[in-house]
Amino acid sequence: MKVIYFAWLREKSGCSEEHVDPPPDVADVAGLVAWLKSRGPKYEEAFADLNTVRVAVNQEHTWFDHPVAAGDEVAFFPPVTGGMVN
Amino acid sequence: MIRVQQEDFDPGVELAGFATGNHAVGGICMFVGVVRHGSGIDIDGAAVGAMTLEHYPGMTERELARIEADANSRWPLEDTLIIHRYGRLVPGDRIVLVATASTHRKAAFEASEFLIDWLKTRAPFWKKEETSDGVRWVAASDADDIAADRWG
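Line order of the protein sequences matches chains A and B. For the first sequence, the numbering used here assigns the number 44 to the initial residue and increments by one for each residue that follows. For the second sequence, the numbering used here assigns the number 403 to the initial residue and increments by one for each residue that follows.
Simulated from the structure, these hints should not be mistaken for laboratory data. The structure presented is a predicted model; accordingly, all values stated were derived computationally and were not measured. Careful, some of the hints might be misleading.
[Unchecked claim] Sample of chain A residues facing chain B (criterion: CB under 7 Å; computed from the structure): (1) 51; (2) 100; (3) 101; (4) 106; (5) 110; (6) 122; (7) 124.
Even for Gly, the Cβ is constructed at its ideal location relative to N, Cα and C.
Kindly generate the complete structure, drawing on both the sequences and the hints.
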């Protein structure tokens, strides 16, 4: 499973992209987050407030109850700000 | 057509090459977004200069294509073009271009405004601003959600 982090999630986790092999009981995004947090304080900090974290599975916006499986691409990022200033 | 790129674009060149040879086109509407100086006077009063746009390669193109398809389903458009830049940009830099072509002007005007509103809320871009106090990630704006919501 490929996990990608953007913006401050990348900075806080110290990781932009990684391949992970979570245990079989990790069935959805929420489970994946819980497992990632168990891997160290940087991940705990990155996922400290899930209200400010959005997720995409295989490049589609989705929710934390979405299932995840081996081979998926899971991306975590803050709410999008768009590009324009005005 | 969708283009996500780091380099600048030339609106004149894009306009000259847009929707050419299609005689059903009666009007072209083009919007160019520019990084505004001082647009980032933040809540602490610090002036914002440059900013860096980060995006999600792959997903960005998918989202923009979806937004483009949505516009085409709502208005009778003959052609559309979306160019969005990423990377470090300074005040005065062009950041986004939207062009729409239609038989009658109303569709072109409305669709371009729709595209810009949705670009701000749906496209996976994140903005880091450089202020006199340092750099900071910009939070999503409720005002932009409201602007997009009016399209239903």
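For this session: Using Cβ atoms only, decide whether residue 101 of chain A comes closer than 7 Å to chain B, and label the hint accordingly.
Result: violated, 9 Å
Exercise. Under the criterion of a CB-CB separation shorter than 7 Å, is residue 110 of chain A in contact with chain B as hinted?
Worked result: Since the shortest Cβ distance to chain B is 19 Å, the answer is violated.
Problem set entry | Agreement of hint residue 124 of chain A with chain B interface, Cβ distance less than 7 Å | holds, 5 Å
Problem set entry | Supplied contact hint for residue 122 of chain A, tested at 7 Å Cβ to chain B | holds, 4 Å
For this session: Using Cβ atoms only, decide whether residue 100 of chain A comes closer than 7 Å to chain B, and label the hint accordingly.
Result: Violated - the Cβ of residue 100 of chain A stays beyond 7 Å from chain B, reaching only about 11 Å at its closest.
Problem set entry | Status of the hint placing residue 51 of chain A at chain B (closest C-beta pair under 7 Å) | holds, 5 Å
Exercise. Is the interface hint for residue 106 of chain A satisfied, with its Cβ closer than 7 Å to some Cβ of chain B?
Worked result: At 16 Å from the nearest chain B Cβ, residue 106 of chain A fails the 7 Å test, so the hint is violated.
Taken one by one, the earlier hints fail for this structure at numbers 2, 3, 4, 5, listed in ascending order.
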